[in-house]
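Protein chains: 2
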Amino acid sequence: MQASSRQCRWASLPSPSAREAASMYGTAVAIFLVILVAVLQGLAPPEHPLPYRIPLDPEGNLELSWNVSYGQEVVHFQLLVRRLEAGVLFGMSDRGELVDADLVVLWTDGDTAYFADAWSDQKGQVHLDPQQDYQLLWAQKTPEGLSLLFKRPFGTCDPKDYLIEDGTVHLVYGILEKPFQSLEAINTSDLKTGLQRVQLLKPDIPIPAMPSDTRTMEIRAPNVLIPGQETTYWCYITELPHGFSRHHIVMYEPIITEGNEALVHHMEVFQCALEFETVPHFNGPCDSKMKPERLNHCRHVLAAWALGAKAFYYPEEAGLPFGGTGSSRFLRLEVHYHNPLKIQGRHDSSGIRLYYTATPRRFNAGIMELGLVYTPVMAIPPRETAFVLTGYCTDKCTQLALPSSGIHIFASQLHTHLTGRKVVTVLARDGREAEIVNRDNHYSPHFQEIRMLKKIVSVHPGDVLITSCTYNTEDRELATVGGFGILEEMCVNYVHYYPQTQLELCKSAVDAGFLQKYFHLLNRFNSEDVCTCPQASVPQQFASVPWNSFSRRVLEALYGFVPISVHCNKSSAVRFQGEWELQPLPKIISTLEEPTPQCPASRGPSPTGLTVVSISGGKG
Amino acid sequence: MQASSRQCRWASLPSPSAREAASMYGTAVAIFLVILVAVLQGLAPPEHPLPYRIPLDPEGNLELSWNVSYGQEVVHFQLLVRRLEAGVLFGMSDRGELVDADLVVLWTDGDTAYFADAWSDQKGQVHLDPQQDYQLLWAQKTPEGLSLLFKRPFGTCDPKDYLIEDGTVHLVYGILEKPFQSLEAINTSDLKTGLQRVQLLKPDIPIPAMPSDTRTMEIRAPNVLIPGQETTYWCYITELPHGFSRHHIVMYEPIITEGNEALVHHMEVFQCALEFETVPHFNGPCDSKMKPERLNHCRHVLAAWALGAKAFYYPEEAGLPFGGTGSSRFLRLEVHYHNPLKIQGRHDSSGIRLYYTATPRRFNAGIMELGLVYTPVMAIPPRETAFVLTGYCTDKCTQLALPSSGIHIFASQLHTHLTGRKVVTVLARDGREAEIVNRDNHYSPHFQEIRMLKKIVSVHPGDVLITSCTYNTEDRELATVGGFGILEEMCVNYVHYYPQTQLELCKSAVDAGFLQKYFHLLNRFNSEDVCTCPQASVPQQFASVPWNSFSRRVLEALYGFVPISVHCNKSSAVRFQGEWELQPLPKIISTLEEPTPQCPASRGPSPTGLTVVSISGGKG
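Protein chains in written order, with the UniProt record's numbering: chain G, 1 to 620; chain Y, 1 to 620.
Treat the hints with care, since some could be wrong.
Copies of the same chain look alike in the list, so a pair counts if it works inside one copy or between any two.
[Stated by the list, open to error] Below, a list of computed lysine-lysine pairs in the DSS-like style, where the Cα atoms sit at most 30 Å apart:
1. LYS517 <-> LYS587
2. LYS455 <-> LYS291
3. LYS123 <-> LYS587
4. LYS310 <-> LYS396
5. LYS396 <-> LYS570
6. LYS310 <-> LYS455
7. LYS141 <-> LYS454
8. LYS517 <-> LYS141
9. LYS202 <-> LYS141
10. LYS291 <-> LYS123
11. LYS178 <-> LYS587
12. LYS517 <-> LYS151
13. LYS455 <-> LYS289
14. LYS570 <-> LYS587
The hints are simulated quantities; they were obtained by calculation from the structure and are not laboratory data. Model, not experiment: these values are computed from the prediction.
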């Protein structure tokens, strides 16, 4: 054993070992309980622990830590494998699938261990990537398990590779339980696999100073027995102390009960509506029949956390008002437990710790709702893979409702129901797209977190905010209409901004009269009738549309052309004064292009093989 | 001087020479009148002359020869520069522009000569290509001029590179009249440049044996004085001898008057309509006011040649009937002279030599017209960059008109008017696209040749032939409707096939009644009226359409959905028996994907620099 020497070399694929796979399997597990000593670059272990960490699998056997270097556009990953079998596979894919995935694989043929950048094809078969962009820096047996340190640029200019972008990243993993003769012998469909969603590119923003009088308040689940079922939304009502005056929340962070890190998926704290003097206490599953109806009126977000997120900081000059006479004393904590292994008997007291000050900061922070009105006139045909709906916050509304110095958006929470796949909000000024407010090209309705923006976006009177959602309705047979139901759709971006204004909601929907013209024209072009009788509701009309290339494309054309109804509201029911019906669609004369990674003009000699990792029987 | 040694090495970009550009210019021309002796691969000059040859510029200073290796998917180019100044630039681009072009450049900084694979950006600035895919094999001063031999794969997997495909290729060139300090200092907009269209990937098909009784007939311009203007279509009427009986044309080839190779752009021989007993003789420009009207009835193509084409051979079992009582004795020769330098006083007797036999081959060859009916109901909105119109030859028509053993298409001539940019005909069987009959992704209306297909396509009864044309109407302000006029459009594929059938024309157009529904629906959605009054013609109706995203997209949706009128005709006026109105569009459940080049799984060490070419003052 040569623990300190460089044991790695670039080699071509190994020829199949003479041993049979069956006999190999018996020895492989033993062989692998060893120290991996390869040090590719001769690097020492990382001096600073990587700041972000999540469990990948529900048992917490695989744990990923990472950091982000925006200067180098590189992510360093540290993968801890607590109990190593014959190997492990880790990577990224568009939506968490194990086919068409960008992977790193650590595997053995029984004799030798290898590490390589690989990819899986449409059938899940694994292939060596001709361009090795994951670079192994360090592999070490630690008391906790095998620890692998490797790095990967955001973009690799390899069309087979995943592009690491802002927003959600679907991480995937697989457990190799036996040796494989070659990389090409691995098929992801044969493995124990899983996925974990995370915001990989955390914003790199300085932490604002905390006021000297900062106090904390913990909103926690009261020793909940986590149900032994895959999905539970737990609801718990609590209240602020009587006479709790107005404060500013300046920061909040998650409190996760130790051992439950892989079970607590996301948590939100909502304030109830002021109109109710009291809200009944409740502590149980949100879908319980015992849940009081009044809890549905606790929808004003105070704080939200999702897996992988760290503390949320308000900008130094702003805080979120809570307490006092202007808002309800009642708070609802919602915890989403994700328990696919149906573990029984686990208790949990996770929650959110609010940091607040009695000395108000200069500005109140506010939350504004952008996107589409919740109305069935905005619908998605069935069997669409990427249908886009767009909602507008028009120049007329921002002109009227925003202060002349503008507002500053510092965080954003994207929201759709089950068929949402991408969400983006763009700021347009003078007819030109000027800036992305927030974009998630791998959005998942199962992973909605409040994200701090990398860069604060200022919106001035007269600006336009355009929010587009892309939906996949491949598995649906009827149109999906807009609405509150979980099988209906939404397209919303809750933007967090300051200074707070009266504008709570700036959204749009197609004009209902023009939609009726659409149903009428379909009757002229199709043999099947769309029911346009006066008593038919819009969902009924959409349900009777014969979906073909013409009805689909004309609906798209309609949404992209005809006038809209604008909701420019002080609260969900109170509009600003003005004419908001039959408004023209904002004219956009130039659009922003999606950034493409800067590919090197000339690549250096790129390693094109796989790394051989030497194995020994001793201990590090 | 080391004439026989290998003088080339891969080097990084040269640093600017100390001399000033002004003084360099004076010496550069002299420096360059020397022998280039670099032999990159140590290869000897090509043993066999490359079979295809065209002049690139109107003066014939640059001459390109090439061959095609389908096995290696490589083209060898030999560029002859008769009078070398300070360098030359050659390449390919989408439509012949010098921006966004894929280039090779031979240039000097005054001291050293370089050869490199390069590309020009949107502004025409030249950049070194990080991946060098043009490989210089040989450079030699010959008595005719400097000769460069280099090769290039069809596809390079470099996104900056042009993909060499079947169909038209736009070759571009530029003359460097002075030295440049670096490649990056060259901008194509400052150079004398030009383009030449050619079918680069000539089909590699065996030459059929000629019948022993083959005779020839020359259809030639009678010593025409080429007008000193850029574009002349010359028309000349000639006739077959009295009593010339029915023969089979088995082959034809161009006859180009020596010295006029760069002026004769294309030539066609048409047979006149049989209905006229006589056609007046004529010899003059086709647009002459003196041209008899009757010449417009000489439209049946017998032979066609365009620049870069070689002889055209009929398949061994077929010949094109001409002569005898069933066809007109009168022939029209049309020669397109392209004379951008407005050279005066040049005489020309170019034409086409027909090879024919009195012993008929087994099958008569025929010509069938596929695509769109010439009717204004098929229209392209203005300001479109890539609007697609599609014409169908339906299963019902092929079922009725084709023999049970099918027909065999061996050649094809694509045809549109001025806005055509791409044309493709696809064969579909049982609802699935099965085979490409002919495709040109860089189609130009200025380069319409009859092309032999690489592979004969058999069409069976029940098959569907789908012809799509892509148009660019960016420079037009009104809709472009279908029709015969040069400012109207066509979408036609003249397919040459055997055995001849009665089916002369198998085309379609949208049903006129549904188009009227379209104009009516626009009136319901737009504030501007489309004139749908009874006396308005379809071109007038299209002229009054307000073109916006809705009217454009609904027109596309209409053309892709509503029933068609099918022309399944024995001659342009006589339909086969049957119901041809309000026919459903053929349903296509699976489409062919465009082939993408197989990119190497792992590239060998790719040269990433430029070639230094050593220069000496002596003679080779």
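Outcome of the hint check:
1. For the homomeric pair LYS517 and LYS587, the shortest alpha-carbon distances inside one copy (22 Å) and between copies (28 Å) are both at most 30 Å.
2. Proximity of LYS455 and LYS291 under a CA criterion of 30 Å is satisfied in neither setting, with 40 Å inside one chain copy and 72 Å between copies.
3. Only between protomers do LYS123 and LYS587 lie at most 30 Å apart by alpha-carbon distance; the minimum there is 28 Å, versus 44 Å within a single protomer.
4. When the C-alpha separation of LYS310 and LYS396 is checked against a cutoff of 30 Å, the pair qualifies neither within a copy, at 38 Å, nor between copies, at 66 Å.
5. Proximity of LYS396 and LYS570 under a CA criterion of 30 Å is satisfied intra-copy only: 15 Å inside one chain copy versus 63 Å between copies.
6. With identical chains, the CA atoms of LYS310 and LYS455 are at most 30 Å apart within one copy only, with a shortest distance of 18 Å there and 63 Å across copies.
7. Proximity of LYS141 to LYS454 under the C-alpha cut-off of 30 Å is found in neither arrangement, the shortest distances being 36 Å within a copy and 61 Å between copies.
8. Proximity of LYS517 and LYS141 under a CA criterion of 30 Å is satisfied in neither setting, with 69 Å inside one chain copy and 74 Å between copies.
9. Taking the shortest alpha-carbon separations for LYS202 and LYS141, only the intra-copy value of 28 Å comes in at or below 30 Å, while the best inter-copy value is 61 Å.
10. Taking the shortest alpha-carbon separations for LYS291 and LYS123, neither the intra-copy value of 45 Å nor the inter-copy value of 66 Å comes in at or below 30 Å.
11. In this assembly of identical chains, LYS178 and LYS587 lie within 30 Å of each other by CA distance neither inside one copy nor across copies; the values are 59 Å within and 48 Å between.
12. Neither within a single protomer nor between protomers do LYS517 and LYS151 lie at most 30 Å apart by alpha-carbon distance, with minima of 56 Å and 60 Å respectively.
13. In this homomeric assembly, LYS455 and LYS289 never come within 30 Å of each other (Cα to Cα): the closest approach is 44 Å inside a single copy and 70 Å across copies.
14. When the C-alpha separation of LYS570 and LYS587 is checked against a cutoff of 30 Å, the pair qualifies only within one copy, where the shortest distance is 25 Å, while the shortest distance between copies is 51 Å.
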